[in-house]
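K.L.:
Residue-level listing of the chains:
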Amino acid sequence: MLRLLFEKTGNAVWISHLDLMRLFQRAFKRAGLPLTHTQGFNPRPSVSIALPLSVGVESVCELLDFTLDGASVPCEEICERLNAALVPGVRVREAYDTGKKLKELAFLDCAVTFEYDNGIPADIHEKLQKLFAAESLIVPKKGKNGIQDQDIIPMIKKLEIAKAGEKKLVLNARICCQNPSLNPMQLVAAIGLHLPELKPDFAKCKRLEIYDLNQEVFR
Amino acid sequence: MTEKLQRILPMVQKPARYTGGEYNEIKKNLEDVRVRVAFCFPDTYEIGMSNVGMRILYGVMNEMDGVWCERVFAPWGDMEEAMRANKLPLWALESQDPVTDFDMIAITIGYEMCYTNILNMLDLAGVPLYAKERHGLKNIVFAGGVCTFNPEPLADFVDFFSLGEGEESTVEIVSLYDRAKAENWSKEKFLTEVAKIPGVYVPSFYEHSYNSDGTLKAITTMEDAPKTVTKRIVENLDDAYFPTKMIVPSTEIVHDRANLEVFRGCIRGCRFCQAGFSCRPVRKKSPEVLYRQAVETLVDSGHNEITLSSLSTSDYRQLKQLTDEMIPYCESRRINLSVPSLRADNFSRELMQKLQTLRKSGLTFAPEAGTQRLRDVINKNLTEEEILTTCANAFSGGWNNVKLYFMLGLPTETDEDVLGIADLVYKVIQTWKEHASNKKRGLRIHVATAYFVPKPHTPFQWEKQIDPQEYLRRCRLLKDHFYSKSIEYNYHTPDISRLEAVTARGDRRLAPVLVEAMKNGAKLDGWDEYFNYQAWLDAFETCGIDPDFYTVRGFGEDEILPWDTIDVGVTKKFLLKERKQAYAETVTPDCRHGCAGCGAAALLQEVKCDA
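Residue numbers (our numbering), protein chains in the order written: chain A, 1 to 219; chain B, 1 to 611.
Extracted from the complex, chain A is given alone in its bound form (with noise of 0.2 Å):
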């Protein structure tokens, strides 16, 4: 099994998870390099991204597992056909084929941004140290079993705000992303819930690196 280690960039950010595996199963075939598939009734080609990202998140550490099925080629190669045959803002930086084990994936860093029309609020440092500080946090999530509170502290390791211009605000965080994960927009959701004089206009998020259980770069 082969990695890649991808980002999804600009407008292709607005491509869902679903859309993606299809992209990708296309642009392997474009670059002439055949997948092995699945057995049964449907076969599809074997590939999996890890921790789907949400539509209209940004991320530069995306990982997608492959099998090429025939000859093997030098990882260099693979990633040059590839991004010759991808769309723009999907990009592979590395193929590899020593990646650790997915289970071992745990937290990630990502920056959510912030943005207020009418410039920052007054007091929003320390608002928000205080409210991250707190013992816990409960906010809402949608799940499978309808909606579910959920709070979030533990699931937050680090987190840092940081101002980025007069009306933009950058929440550095490093969280939970698996088993449990936490979904970096639920830090927007609670400054909604419970700071709601705080809430910003607009807020996206970017995916920033990976990290296992030891808080190591994952690969």
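Everything labelled a hint here was simulated from the structure, so no lab data went into it.
Backbone N, C-alpha and C fix where the C-beta goes; we use that ideal spot for every residue, glycine too.
Heads up, a few of these hints could be off.
[As the list claims (entries may be wrong)] Under the rule of at most 27 Å between Cα atoms (straight-line distance), these lysine-lysine pairs were calculated in the DSSO-like manner:
hint	chain 1	residue 1	chain 2	residue 2
1	B	Lys14	A	Lys144
2	A	Lys206	B	Lys14
3	B	Lys4	A	Lys199
4	B	Lys433	A	Lys168
5	B	Lys87	A	Lys199
6	A	Lys142	B	Lys14
7	B	Lys87	A	Lys168
8	A	Lys204	B	Lys14
9	A	Lys204	B	Lys87
10	B	Lys4	A	Lys167
11	A	Lys206	B	Lys4
12	A	Lys199	B	Lys14
13	A	Lys163	B	Lys14
14	B	Lys14	A	Lys141
15	B	Lys28	A	Lys204
16	B	Lys87	A	Lys167
[To be verified] Far from chain B, by Cβ distances over 10 Å, these chain A residues were calculated:
hint	residue
17	Leu23
18	Arg81
19	Gly119
20	Leu128
21	Lys157
22	Lys199
23	Leu208
[Stated by the list, open to error] Short derived list, chain A residues pointing at chain B, Cβ under 7 Å:
hint	residue
24	Asn11
25	Trp14
26	Ile15
27	Arg26
28	Lys29
29	Gly56
30	Glu58
31	Val87
32	Pro88
33	Phe202
34	Lys206
Chain B: place on chain A using the hints.
P.N.:
Leaving out everything else, chain B in the frame of chain A:
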């Protein structure tokens, strides 16, 4: 992309359809561009990107030096709402520039019920709806596609129509515009000149007047405009432009596969079918060219499915040669080859068996009518025996699903014909009982009936549409005669088919109705989520137009028809003869059993009709 749009995209369904950026999308440097064309498809991205015609013409225009053609689709309701709330005008996908920035606005029209989408898109773009409200060369609107064979309902909105196949005429039209823009022509001068291009119809050069009973009194030609405009065709499809580098959408579309047209036209002559007559004469592509284009398209796109399309693929003479070559190519690369619209003949049955090894597709028949008598009336050359033999083969091969499509309200139809449908379905069930290899799963028969809509340029173009209550009575009559649990029966609601009948045979007096319906909120009429019958009824009421005039009234054989200006190659004399044959319950053999003399062959100069 604008900041506004970035904030809207997270709020709408399937945002990827609004951003462009797909593989093979064509971008050009504006400094090298003299003519910008906004190619509008009046339905959603998923429908529009499945349209082969649009893909061909996108390629044709972008091959031209100094011309940049971009795509525009109708937004879904949530996006439209956000656009209006944020004052975001309709944009083209490639450059994200507003449609008003473009020189030409091209529209392809394949379905009557997208007329409100056309107006809604112009409105969203901020382009005046009526042609006379648009001055100068900028934002000139032209349209083509099968619906434009009766262009009259749109005559007040569209500056000119490009009739028939566009591979060649589009180049001539856009080149003329290029010159007109460089030489700073007036719109009037451009329209006078563009009307000289064969296949171009400028509606403002024709005046329609009416009798007191509402029928057309005269069509008066102004300027030097031709009395009739003949549609364009491409004679030699092997040499015709065909793009093998096509845009590969990043999000799922309706026909998410490569699509190759094996021939154009149809030899069958089903009397209700508009495409069957208006797409004549028959012209084929050679299997060598098709195989090359298939391989090029598949290699370039990475698709895992390819469709061989046409109006009746079994009638492609070299289908065996082509599929014999394509099956091994596709099998070895895990590509699914689909061949829809096969007839129920022996070769097709063999071919189905072969294709089955790739993937089991459905078994669908469109007998259209329940009795042989009525099938003879409509000239649908499909016998009960053919249906049952094919079913028997399929059932013994493991199929347990059949779809059967019919129409209700066909000319001369009686209750006996309606019940003939139930009878035929019953025989299919019997066949399953006798032949099914695996009865454990049970049989599913999907039966659907549509409400017959008479279409221009067919032998039934003069026919009455039955009224909606009568249609529903026939649906219920049929339903009451389905006893088996294996049958799932669906019938179309009459509302949309009634409107189709109005717009298909409509005239210029429909223009205000379309505007009014759009203002009442009619849009995306082809979608159940949005279809709003009341918006239309109110529009008819407000404008004082009686829809029955176009539906249950029927048109007289001596009456001037709104689409009489348009010549699709098949003569009116032939259509009349076919109509008489229909009433005599006499079939006209397909064109391969002798030319029926429809007239379309006269459009050809270089090649012969391949029927």
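K.L.:
Run every hint past the structure and note whether it holds.
P.N.:
Okay, the hints, checked on the actual structure:
1. Between Lys14(B) and Lys144(A) the CA atoms are separated by roughly 21 Å; this keeps the pair inside 27 Å, and the hint holds.
2. A threshold of 27 Å between alpha carbons decides the hint, and for Lys206(A) with Lys14(B) the separation of about 20 Å falls inside it, so the pair holds.
3. Pair hint Lys4(B) plus Lys199(A) holds up; C-alpha atoms about 18 Å apart against a cutoff of 27 Å.
4. Between the alpha carbons of Lys433(B) and Lys168(A) the distance comes to roughly 71 Å, so the proposed pair goes past 27 Å and is violated.
5. A C-alpha spacing of about 24 Å is found between Lys87(B) and Lys199(A), which places the hinted pair at or below 27 Å, so the restraint holds.
6. The straight-line distance between the Cα atoms of Lys142(A) and Lys14(B) is roughly 20 Å, inside the 27 Å bound, and the hint therefore holds.
7. With a C-alpha separation of about 24 Å, the suggested pair Lys87(B) and Lys168(A) falls inside the 27 Å cut-off, and the hint holds.
8. Distance hint between Lys204(A) and Lys14(B) is fulfilled; the C-alpha atoms sit about 17 Å from each other, no more than 27 Å.
9. Our distance criterion of 27 Å between C-alpha atoms is met by Lys204(A) and Lys87(B), whose separation comes to about 22 Å.
10. Distance check on the hinted pair: Lys4(B) and Lys167(A) sit about 16 Å apart at the alpha-carbon level, within 27 Å; holds.
11. This hinted pair checks out: Lys206(A) and Lys4(B) have alpha carbons roughly 19 Å apart, not beyond 27 Å.
12. At most 27 Å may separate the alpha-carbon atoms for a hinted pair to count; Lys199(A) and Lys14(B) meet this at roughly 25 Å.
13. The straight-line distance between the Cα atoms of Lys163(A) and Lys14(B) is roughly 32 Å, outside the 27 Å bound, and the hint therefore fails.
14. At most 27 Å may separate the alpha-carbon atoms for a hinted pair to count; Lys14(B) and Lys141(A) meet this at roughly 22 Å.
15. At roughly 30 Å between alpha-carbon atoms, Lys28(B) and Lys204(A) are farther apart than 27 Å, so this suggested pair is violated.
16. Simply put, Lys87(B) and Lys167(A) have alpha-carbon atoms about 23 Å apart, close enough for the 27 Å limit, and the pair holds.
17. The Cβ of Leu23(A) does not lie farther than 10 Å from every Cβ of chain B; its closest approach is about 5 Å, which violates its non-interface assignment.
18. Once the 10 Å rule is applied to beta carbons, Arg81(A) is consistent with being away from chain B; the minimum gap is 12 Å.
19. Chain B leaves Gly119(A) outside its interface by the beta-carbon criterion, the shortest separation being 16 Å against a cut-off of 10 Å.
20. Distance check for Leu128(A) against chain B: the nearest CB is about 22 Å away, which clears 10 Å, and the non-interface claim stands.
21. Residue-level check passed: Lys157(A) sits 26 Å from the nearest beta carbon of chain B, beyond 10 Å.
22. Under the 10 Å C-beta cut-off, the non-interface status given to Lys199(A) relative to chain B holds; the minimum distance is some 14 Å.
23. Under the 10 Å C-beta cut-off, the non-interface status given to Leu208(A) relative to chain B holds; the minimum distance is some 20 Å.
24. The beta carbon of Asn11(A) comes within 4 Å of a beta carbon in chain B, closer than 7 Å, and the hint placing it at the interface holds.
25. Because the smallest distance between the Cβ of Trp14(A) and any Cβ of chain B comes to about 4 Å, under 7 Å, the interface hint for this residue holds.
26. With a cut of 7 Å, the hint placing Ile15(A) at the interface with chain B holds, because the nearest CB-to-CB distance is about 5 Å.
27. Interface hint status for Arg26(A): upheld, as the beta-carbon distance to the closest one in chain B is roughly 3 Å, under 7 Å.
28. Against a cut-off of 7 Å between C-beta atoms, the interface hint on Lys29(A) holds, since the closest Cβ of chain B lies about 4 Å away.
29. Of the supplied interface hints, the one on Gly56(A) holds, with its beta-carbon coming within about 5 Å of a beta-carbon of chain B, less than 7 Å.
30. A cut of 7 Å between beta carbons decides the hint on Glu58(A): the least distance to chain B is about 11 Å, and the hint is violated.
31. For Val87(A), the interface hint holds, since its Cβ comes within 7 Å of a Cβ in chain B; the closest pair sits about 5 Å apart.
32. At about 5 Å, the closest approach between the beta carbon of Pro88(A) and any beta carbon in chain B falls short of 7 Å, and the interface hint on this residue holds.
33. A hinted interface residue such as Phe202(A) counts as satisfied when its beta carbon comes closer than 7 Å to some beta carbon of chain B; here the least separation is about 5 Å, so the hint holds.
34. Because the smallest distance between the Cβ of Lys206(A) and any Cβ of chain B comes to about 13 Å, over 7 Å, the interface hint for this residue is violated.
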